Amino acid sequence: MAEAGIGVAERPAKELFAGKRFSRWIEQRIPPSPQITLTQRNVFIFPTGTGFAFGGLIVLLILGAINYQASLVYGVAFLLGALFLVTILYTFRNLSGLRLELVGVRPGFVGEDVELSIRVVREAARPREGIQLGWPDGIMQWAELIEQESDTVKLYVQAGRRGYFDPGRLLVETYFPLGLLRAWTWVDLSARVLVYPKPLFQEFPQSVSGRRDEGQLIDPVGSDDFHDIRTYRPGDPIRHIIWRSYARSDDLMVKQYASYVEPRLWLRLETVDGDLEEKISRLTGLALKAVRLEREFGLEIGTSRINPGQGEAHLEQILKELALYGL
Amino acid sequence: MGSDVNTQGGRDAIGIAYQIPRNTLALLMVAQVVVVLPYLLQLSPWIISVGLFCGLWRMKVYQGRWDYPHRLVKALLVFASVGGVVISGVGAFSLEAAASLLIVAFALKLIEMKSRRDAYLVIFLSYFVIATQFLFDQSLVVASYQLGALIVVTAALVGLHQLHTRVRPLVSLKLASALVLQALPLTLVLFLFFPRIAPLWTVPLPASGTTGISDEVRPGDFASLAQSDELAFRVVMEASIPPPSQLYWRGLVYSDFDNGTWRAAERRRAGVASGAGDDTGLAYEVMLEPTMRTWLYVLKNSSSRDTGVYRTLDNRLEARDPVMSVFRYRARVNRQAMDTTELSATTYLRETAIDDSNPRIRDYAEQLRQAYPDVEDMVKAVLDSIRQDPFAYTLSPPLYQSSDSIDEFWFDGRAGFCTHYAGAFVFLMRAVGIPARMVGGYLGGEVNSITGHLVVRQYDAHGWAEVWVAGRGWLRVDPTSAVAPERIEQGIRAALSSADLATLSVFTNARMGKWELLGDALRWADSIEHRWNLWVVGYDTNFQSRFLQDLLGELSPTRIGLAILGGGGLSLGVVAVVLFWRRRAVHRHPVEKAFRRFCDKLAGYGYERRPQESPSGFVRRIAAEVGLTEAQVGGLVAELDTLLYNPGVAWGTRELQALRSQLRRLQFRLAFGASR
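Residue numbers (this note's numbering), protein chains in the order written: chain A, 645 to 971; chain B, 8 to 683.
Hint data in this document are derived by calculation from the structure and do not stem from the laboratory. This one's a predicted model, so the numbers in the text were calculated from it and none came from an experiment. Some clues are possibly wrong.
Taking lysine to aspartate or glutamate pairs in the DMTMM-like style, the calculated list, with each CA pair at most 25 Å apart, reads [stated by the list, open to error]: (1) B/LYS608 to B/ASP648; (2) B/LYS307 to B/GLU453; (3) A/LYS798 to A/GLU847; (4) B/LYS181 to A/GLU793; (5) A/LYS664 to A/ASP832; (6) A/LYS842 to A/GLU944; (7) B/LYS181 to A/GLU922; (8) A/LYS842 to A/ASP757; (9) B/LYS121 to B/ASP144; (10) B/LYS600 to A/GLU767; (11) B/LYS307 to B/ASP328; (12) A/LYS798 to A/GLU956; (13) B/LYS387 to B/GLU349; (14) B/LYS600 to A/GLU793; (15) A/LYS933 to A/GLU847; (16) A/LYS964 to A/GLU944; (17) B/LYS181 to A/GLU791; (18) B/LYS600 to A/ASP757.
A short list of chain A residues far from chain B (calculated; beta carbon distances all over 10 Å) [unchecked claim]: (19) SER677; (20) THR694; (21) ALA697; (22) ALA721; (23) LEU724; (24) ALA726; (25) LEU727; (26) VAL730; (27) ARG737; (28) GLU773; (29) GLY774; (30) GLY804; (31) VAL837; (32) ARG883; (33) VAL935; (34) ARG936.
Using N, Cα and C, we set each Cβ at its ideal position, and we do this for glycine too.
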């Protein structure tokens, strides 16, 4: 996973990958690839706890058959044993031949879930049942492959740090048909998900109050400049009421004041407080707020500079810059 | 879509309560009924009603009408059912008690089943209950029924692992049937080759089903047996079957007489030398139905070399363990009698011991003895007197209840069943010091003409006597032959009055030959059951080693291991081929099929479709090469792409026909163009 490039945060190794050896072995056995077809090379199969209990039941039945010398009790024991063995084929077949592709990722913020879309495709002639996928500590999702030939499953993983995030190996497993065996695989779909910094929300820094013709109204209830007259609504400050006009008509009118500020917001590390991570978080918060309020904003951080703009695409560009800053 | 939350494997991620799929629940409830039903014959109504009550409650929970039972209710149910087991009077450590508790545990688990783990437990218990039923009955009918039950239980297990929204009982059942069917060949391999070994420890025996001959006999006891057409055993003879009058199947020797009751006392083994004897006499194999007793039925002077079969001092064969399932043993009649040695003092004393009851017959014996000093003359005289005096042979004799019951029978009633005559005869002999004993077993049997085996039923039960004659050993004397010779020669039906016959069941009468058609049907069923016993139920240690020796030659662990591996591999391989072969046979759209055929034909003329060339592009290119106009190509070909890549496009048969004919015409033109 080292080739993933700058700032790829690997998830803390789970107990499953505790052994470096296992990690290295599986890297070789199932090398990362955005598209993987499951074969006998990369599918593992082993009895579940239930499977072992089933084995215990068979042993018990054979003991009973020996002691009672009952042929048909042997028969039941052997039939269950054979069922177990046949199930190995079924369980393996249920997973083998599936194709897994990473079809898309949706970035998220630190502390929230990032979304990964994974497409599971089967051959036309072989419906699958009970295919589940997910990350070991997440929720397993079922893929519906009975009527459909492919299913796109959206999986969510919690991101820990900003930057590129590698969710690690995806667990694909099945217990079908009897739950006595589990066939599974760990695939690395080379997913790299961008994780934005955790936003910290705060007021816009009251940087510059510009001239009226240049600036843009951002705070209609500010109190610097007269802006408009409108009818009174409950809650308006009493001192804004135009008593003279009330004398002429029966309508209560109020004066409106507003602030005019520098319309183009520049996000810079210097304008916010805290250590580097906190500053980045605050800038992220500001960027989100600016988009919501439809303000133009730009970013100047380190050597990179993004000119002010608006909209989702612009936001994504800025968030990406913030996410990767200093990594 | 992947919307279901899964909790398999302990990953209860966000605490969503697991729900067993409803269809699995339904299957489980059906499975419970199916699995418990056969026990109606073995268990007390108590247990069955607890089971049914739990089933009803679960049903109500399923329908959402009732809630799960309260803890108190559950505790009450547990006490009630354990109490029920105790009250029902089966022994504390008997198989019935164990089976009862199993059923109760099963029913109670069903009622509180909520989690997946509970479901597993119920399913495993069901498998166990299915197997346990075979300790009581291993007939073909029961086996077929239980195979069905096993499929239902497996279907419930399958349902647990299907997508909740997809679980349909019929789908699960179909898959379970396929699984079981595919497991059968492997089962057969394991069944044949898995080594059968002797019991490891003693186990509680089923108390029920001890029909047959008991080791204690009161005159008249065998009359109730005569009313049963239940199977006692089947015999396969190596040579032709001797006439019925020669087939005295000895089971027990009753030497002890006490107050009208005869008891079998001699149980001592004559050592391991059951196999002693020559190899020239009649050889036969008996498949004895479960008797829960150890004695075996053999012709006189038989020996056996099977393991687990012993000869006793009174010239019988016994099994080491009680016969709990069909027990097969091979035996051979020795040409020389095996008990001609002198009587020991102990034996003499035992075989002449009587009490001082029945004075009249003792007097009569004294008189006879004085007239006939020779033992054989004396025997003949007694038989003659039975023959000449108005004695009657009947299933329902008067009850002789006084302490002098033999006197009562011999001088007053003069009507009785085989044991009356045998008992009186032995008493009479012993009264004058001639060693004599009563023997119980079966006489005759019916030959099943389909498979050629001999069938002996309970109504063939018979009692006769043996008398010691110095120098000749124990001689068989059957007093019944004097009163009802037809019983000996033709079987019991010939000997019984029509009034007696009327008390027998329809099947018994049919078996005895009253109704040809029903009798034939029963014989046919019997021959199937016989083969089943021969190959499945009676496949035991002895038979297995003989069979495997024939099949593999010398038996060694390596050979058996290889046979299991080879056979198992082969049967699994066949399943694997079936499972993985289907992958190739991809179902194709008819349009695709037509186009593929077209391409194959064209490839024959040397027109290869280039990779990544669209179907219509390919056709156009070829058409241009040959110099065909657009009109000649045909309009539908232009739509090939849409057609092939959008399987959703609905095409009627008429369009398909049109496309096919256009492709064919085109193919013809291209072929023509190519040849030019």
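query = Has the given pair, B/LYS307 with B/GLU453, been kept, meaning a C-alpha gap of at most 25 Å?
reply = Since the Cα atoms of B/LYS307 and B/GLU453 sit roughly 19 Å apart, the hinted pair holds (cutoff 25 Å).
ask   = Taking the minimum C-beta separation from A/ALA721 to chain B, is that value above 10 Å?
value = Since the minimum Cβ distance to chain B is about 7 Å, A/ALA721 lies within 10 Å and the statement is violated.
message = At 10 Å, judged by beta carbons, does A/LEU727 keep clear of chain B as stated?
response = Violated: least Cβ distance 4 Å, not greater than 10 Å.
key: A/LYS798 paired with A/GLU847 [C-alpha distance capped at 25 Å]   = Violated, because 35 Å separates the two Cα atoms, which is more than 25 Å.
query = Against chain B, does A/LEU724 keep a CB gap of more than 10 Å to every residue?
reply = violated, 6 Å
query = Given the hinted pair B/LYS181 and A/GLU922, is their alpha-carbon gap at most 25 Å?
reply = violated, 61 Å
query = Was A/VAL935 rightly flagged as not at the interface, with every chain B Cβ beyond 10 Å?
reply = holds, 31 Å
query = Does the alpha-carbon distance linking B/LYS387 and B/GLU349 stay inside the 25 Å limit?
reply = OK: B/LYS387 and B/GLU349 at ~23 Å, within 25 Å.
query = Is the straight-line distance between the alpha-carbon of B/LYS307 and that of B/ASP328 25 Å or less?
reply = Given that 25 Å is the threshold and the Cα spacing comes to 22 Å, the pair holds.
query = Taken at face value, is the distance from the CA of A/ASP757 to the CA of A/LYS842 at most 25 Å?
reply = holds, 12 Å
ask   = Does A/ARG936 sit more than 10 Å from chain B, CB to CB?
value = Non-interface label stands for A/ARG936: nearest chain B Cβ at 30 Å, farther than 10 Å.
Non-interface claim for A/ARG737 versus chain B (Cβ beyond 10 Å) = violated, 5 Å
Of the numbered hints listed earlier, those contradicted by the structure are 3, 7, 9, 18, 20, 21, 22, 23, 24, 25, 26, 27, 28, 29.
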